[in-house]
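K.L.:
Chains as they are written, first to last, in this note's numbering: chain A, 1 to 155; chain B, 1 to 741; chain C, 1 to 101.
In case anyone wonders, no lab produced these hints; they're calculated from the structure. All C-beta atoms in this analysis are idealised placements derived from N, C-alpha and C, irrespective of residue type, glycine included.
Pairwise CB distance ranges (calculated): (1) A/V136 <-> C/S5: 36 to 44 Å; (2) B/V706 <-> A/V108: 52 to 60 Å; (3) A/L46 <-> C/R88: 32 to 40 Å.
Over the 12 Å line for every Cβ pair with chain B, so calculated as not near, a few chain C residues: (4) L52; (5) S54; (6) V69; (7) A70.
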Amino acid sequence: MIGAGLLVVTLRNIIHSAIAMMVCFGSLAGMYALLGAPIVAAAQVLIYLGAISVLILFAIMLTQAGDANLPAPFHPQVWVAALAAVAIVGLTGWAAIATDWKAAATTVAIVVSALAKSLFTDYALPFEILSLLLLVAIIGAIYLARRPEEDERAN
Amino acid sequence: MTIETLIAVIPVLPLAGFLFAVLVGPRLDRMPSHGHAEHEAGHADDHGSHSGHGGDGAHGDAGAEGELRPVPSEEEQRATSPHAGHADDLANSNGADGVIPDDMNDGRGQPGHVVEGAPRPRYRSWIVPTGLVAVAWLFSMIVFGNVIFGGHTYHVSVYEWIGSGTFRIQVAFLVDGLTAMLLLVVSTVGLLVHVYSIGYMDGDRGFWRFFAYLNLFMFSMLLLVMGDNFLLLYVGWEAVGLCSYALIGFWYKKPSAAGAAKKAFVVNRVGDFGFGLGIMMIWTLLGTLNFSDVFARITTLSPTAITVISLLLFAGAVGKSAQFPLHVWLPDAMEGPTPVSALIHAATMVNAGVYMVARANPIFSASPTTMWVVASIGVFTAIFAAAIALTQNDIKKVLAYSTVSQLAYMFFALGIGAWVAAIFHLVSHGFFKGLLFMGSGSVIHGANGEQDMRYMGGLRERMPWTYRTMVIGSLALAGIPLFAGFFSKDEILGEAFSRGYYLFWAVGITVAFMTAFYTFRMVFLTFHGSWRGPAEAWHHVHESVPTMVAPLIVLAVPTALAGLVLGIPPEAGAIHRWLAPVFRGAEEAGAGILPGSLAGAGHTFDLLGLGGLLLLIGAGVAVAGIWLAYRWYVLDPEAPARFVAGFPLGLGPGIYAASVNKYYVDDLYNLVWARGGVLLGNALWWFDAKVIDGAVNGAGWLAERVGGALRRSQTGRVENYGLGIAAGLVVVLVAYLVIQR
Amino acid sequence: MGLQSYLIVSAMLFGIGAFGFMARRNAILMLISIELMLNSVNLSLVAFNAYLPSPVNAGAVFALLVMAVAAAEATVGLALVIAIIRTRQTAEVDEYADLKE
Chain A
1 MIGAGLLVVT LRNIIHSAIA MMVCFGSLAG MYALLGAPIV AAAQVLIYLG
51 AISVLILFAI MLTQAGDANL PAPFHPQVWV AALAAVAIVG LTGWAAIATD
101 WKAAATTVAI VVSALAKSLF TDYALPFEIL SLLLLVAIIG AIYLARRPEE
151 DERAN
Chain B
1 MTIETLIAVI PVLPLAGFLF AVLVGPRLDR MPSHGHAEHE AGHADDHGSH
51 SGHGGDGAHG DAGAEGELRP VPSEEEQRAT SPHAGHADDL ANSNGADGVI
101 PDDMNDGRGQ PGHVVEGAPR PRYRSWIVPT GLVAVAWLFS MIVFGNVIFG
151 GHTYHVSVYE WIGSGTFRIQ VAFLVDGLTA MLLLVVSTVG LLVHVYSIGY
201 MDGDRGFWRF FAYLNLFMFS MLLLVMGDNF LLLYVGWEAV GLCSYALIGF
251 WYKKPSAAGA AKKAFVVNRV GDFGFGLGIM MIWTLLGTLN FSDVFARITT
301 LSPTAITVIS LLLFAGAVGK SAQFPLHVWL PDAMEGPTPV SALIHAATMV
351 NAGVYMVARA NPIFSASPTT MWVVASIGVF TAIFAAAIAL TQNDIKKVLA
401 YSTVSQLAYM FFALGIGAWV AAIFHLVSHG FFKGLLFMGS GSVIHGANGE
451 QDMRYMGGLR ERMPWTYRTM VIGSLALAGI PLFAGFFSKD EILGEAFSRG
501 YYLFWAVGIT VAFMTAFYTF RMVFLTFHGS WRGPAEAWHH VHESVPTMVA
551 PLIVLAVPTA LAGLVLGIPP EAGAIHRWLA PVFRGAEEAG AGILPGSLAG
601 AGHTFDLLGL GGLLLLIGAG VAVAGIWLAY RWYVLDPEAP ARFVAGFPLG
651 LGPGIYAASV NKYYVDDLYN LVWARGGVLL GNALWWFDAK VIDGAVNGAG
701 WLAERVGGAL RRSQTGRVEN YGLGIAAGLV VVLVAYLVIQ R
Chain C
1 MGLQSYLIVS AMLFGIGAFG FMARRNAILM LISIELMLNS VNLSLVAFNA
51 YLPSPVNAGA VFALLVMAVA AAEATVGLAL VIAIIRTRQT AEVDEYADLK
101 E
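All chains, full assembly: derive it from the sequences and hints.
P.N.:
See below:
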């Protein structure tokens with residue numbers, strides 16, 4: 001999965017990067033399953049692999065952005081960025097290692113019914129707002145991505 | 001009408017006179033109301049009254065009234081003044097370039113511009129001010145008699161002026177023997193000067209202004225001598241300085257007069273600064289400014305504090321009474337009209353310093369250091385000023401330096417602890433110097449504006465009364481026995497010797513010799529010999545009008561007799577009895593008696609012993625001075641020149657030049673203070689423009705640079721901003737982790 | 001693997017995503033990197049939920065919510081990118097510097 005992630009950010013061709021991203025998502029789904037949360041794995045596959053990846057591929061194709069093999073895919077600031085990223089990883093990782101989490105020895109699997117129950121009772125409000133958010137996103141996306149002529153004809 | 005009421009009223013009268021002169025005065029000095037004459041006599045009238053707009057009083061009524069026109073214009077004054085040339089603001093036109101048209105400027109006043117038959121303005125604004133001053137004189141005499149002969153002391157409280165927490169100042173008057181003596185001098189000489197001015201200032205379009213200022217001065221001086229606390233003293237002190245400025249610069253269009261007035265005020269201010277600091281110290285340390293309270297408590301302070309306070313107070317006296325190094329304003333003050341010189345710079349204002357030191361005798365006598373400083377400055381100034389007076393050619397300058405020298409005598413006396421002798425000399429000096437100054441004014445008028453003695457001579461034929469009174473005054477000044485000056489001056493010298501100040505005594509005797517010499521040099525040059533001025537001017541030489549001569553005669557009386565009345569027997573005369581309560585405890589204290597002197601405590605004067613010998617020496621020295629002057633200026637006029645040329649080591653001309661140039665003190669001050677002030681100003685300007693403005697401008701420049709540098713972080717590119725976010729995240733993480741440790 | 005291992009992996013993925021966001025020029029690639037970062041967070045959430053269970057399964061629920069929000073955000077973001085690319089004919093974010101000082 002890490003390797004896939006590295007491929008994502010280093011490949012020249014965007015479409016190759018998108019494929020690598022899908023591989024990454026897939027391996028993440030596997031990890032969720034290993035952690036005893038198959039429902040989340042399923043959701044990962046559905047949403048990310050099924051919807052978002054497709055969305056990104058569509059966007060790449062619609063904008064013809066993937067055709068060109070970029071001569072200079074990286075910014076001048078790439079090394080500083082790498083340094084910053086390493087720093088973040090290092091610090092966060094160190095924080096993770098140095099803390100005593102008092103964690104359980106092995107994973108505890110999720111009981112789906114309990115999860116469903118909490119989703120619809122304790123977290124009902126975020127759930128509803130989320131649906132509203134999705135509605136807003138859809139409307140916004142439609143509006144933003146219009147062709148300009150359609151705008152004028154709509155008026 | 002109690003004495004207290006009289007006391008409270010005395011200062012108010014001249015104040016009322018001042019207000020009257022200012023409000024009503026201009027209306028009284030008007031051109032007569034002839035219908036025709038006003039048009040033909042002053043054909044340039046309209047031009048004149050417009051050009052004279054600044055000094056006119058009733059401007060609005062000029063056209064509409066028709067009856068009386070406003071204060072005369074310069075044209076009218078020049079056409080009608082009997083003293084045209086030396087009693088107007090265009091007088092003695094040195095330095096009046098551009099003010100007098102060139103064809104009228106002959107450099108010495110304009111006697112030839114009187115227009116015969118021109119209608120004369122009426123100068124009537126003198127009536128009320130002089131009358132009020134006369135009433136004040138009367139009251140002062142009543143109070144004087146009551147205090148001196150009745151032995152009372154009066155505290156009259158009028159009202160509370162300042163009541164601010166613990167700072168309370170009453171307007172209250174203290175009248176004891178010392179104040180009474182000062183009242184005598186101030187009111188008498190003041191009244192006589194008012195009378196004298198009626199004649200002297202006749203024809204001057206600023207006539208009403210002169211009397212206004214004179215009255216304001218009287219008010220201030222009376223406040224000064226009668227006040228019972230330091231603040232009131234200081235108010236009067238400053239006010240007389242202001243009036244002095246106004247009166248010296250009375251002929252304000254003369255640049256030299258305006259400059260002299262400024263000089264007087266500024267030099268005075270230097271002294272007043274120290275004086276003010278002294279008063280503030282008194283307030284801070286003692287919490288009161290009342291004379292009686294301060295004097296009672298002064299010994300509770302440390303000796304250093306007392307010395308500092310008394311030195312600061314003395315600084316004020318140095319400025320006001322023109323002692324070295326602040327003497328420079330007094331000779332220049334002769335730019336003012338002669339009555340001003342007589343009143344202010346001989347008889348009253350300059351005495352304020354002496355009065356103040358005498359009044360504060362408990363403070364001064366508690367500090368031997370200060371007493372020694374006072375005496376030293378007095379002695380030095382005496383000989384310094386006398387050395388300058390020897391060579392001056394202007395009659396008023398001789399008298400001015402003589403005043404400085406005689407005042408120095410008074411400080412000398414104060415410094416050695418001979419308080420009563422100092423006051424005695426103050427009184428007698430007030431009379432004879434006032435006489436001499438007014439006499440000199442009469443001479444100047446009589447000689448048609450000439451003030452340089454080298455161009456006078458032989459005036460005693462034409463001006464007998466002036467001559468006689470001036471001789472009496474000169475005899476008094478020189479210290480000839482039986483005249484007032486003899487008793488007071490020799491009492492000072494006698495006290496000096498018997499208290500052990502032998503060096504100071506020797507200097508004092510030398511100064512007495514020099515005084516007699518230059519005084520009679522003045523008399524002989526002016527009145528004896530033959531006229532050395534322009535031949536055509538000799539026809540106009542005349543005796544002065546009665547209003548000018550009468551005061552001279554009146555003053556000659558006390559000049560001649562005051563010594564006998566006040567000073568006999570020497571050192572125990574009437575004046576000692578009168579003033580004893582004021583100086584109780586201070587006679588023997590302080591630096592009064594040097595250890596090992598011939599006197600001890602309680603020395604007495606013996607006519608047939610040491611005291612008589614000293615009197616003889618003093619008189620002899622005075623006679624010697626007169627005789628030398630007679631030889632050099634009457635018998636053998638070439639002698640002075642031979643003396644200067646034959647002076648050992650060839651120093652003669654150099655010393656003579658130094659003396660004529662006032663020993664270059666003015667030049668030194670000009671260099672150090674005036675030029676130095678300009679340099680300092682330039683330096684500070686440079687500092688302000690370069691450093692301070694540089695800093696301000698630099699801040700702007702810096703802001704610009706920093707802004708320019710920071711601007712480059714706004715790239716508009718989102719990846720740079722993302723990097724910034726990441727970097728910030730790193731920083732926060734580091735900080736958090738460090739703190740957690 | 002223990003909890004800490006999962007956390008380290010999550011951190012590494014986050015770092016990769018951050019690097020991609022800051023270092024690449026293509027706008028769509030930047031959005032892809034954002035998705036990576038969001039996923040890393042999801043991983044750590046689920047890991048916590050597994051090793052420190054809570055009665056309401058807060059971690060998993062939150063992860064689901066994050067997924068939904070990520071979807072919405074990707075939608076809108078891509079719509080924006082499409083609009084920009086259509087206008088400026090270039091996908092390079094270097095060119096989008098109109099707010100530059």
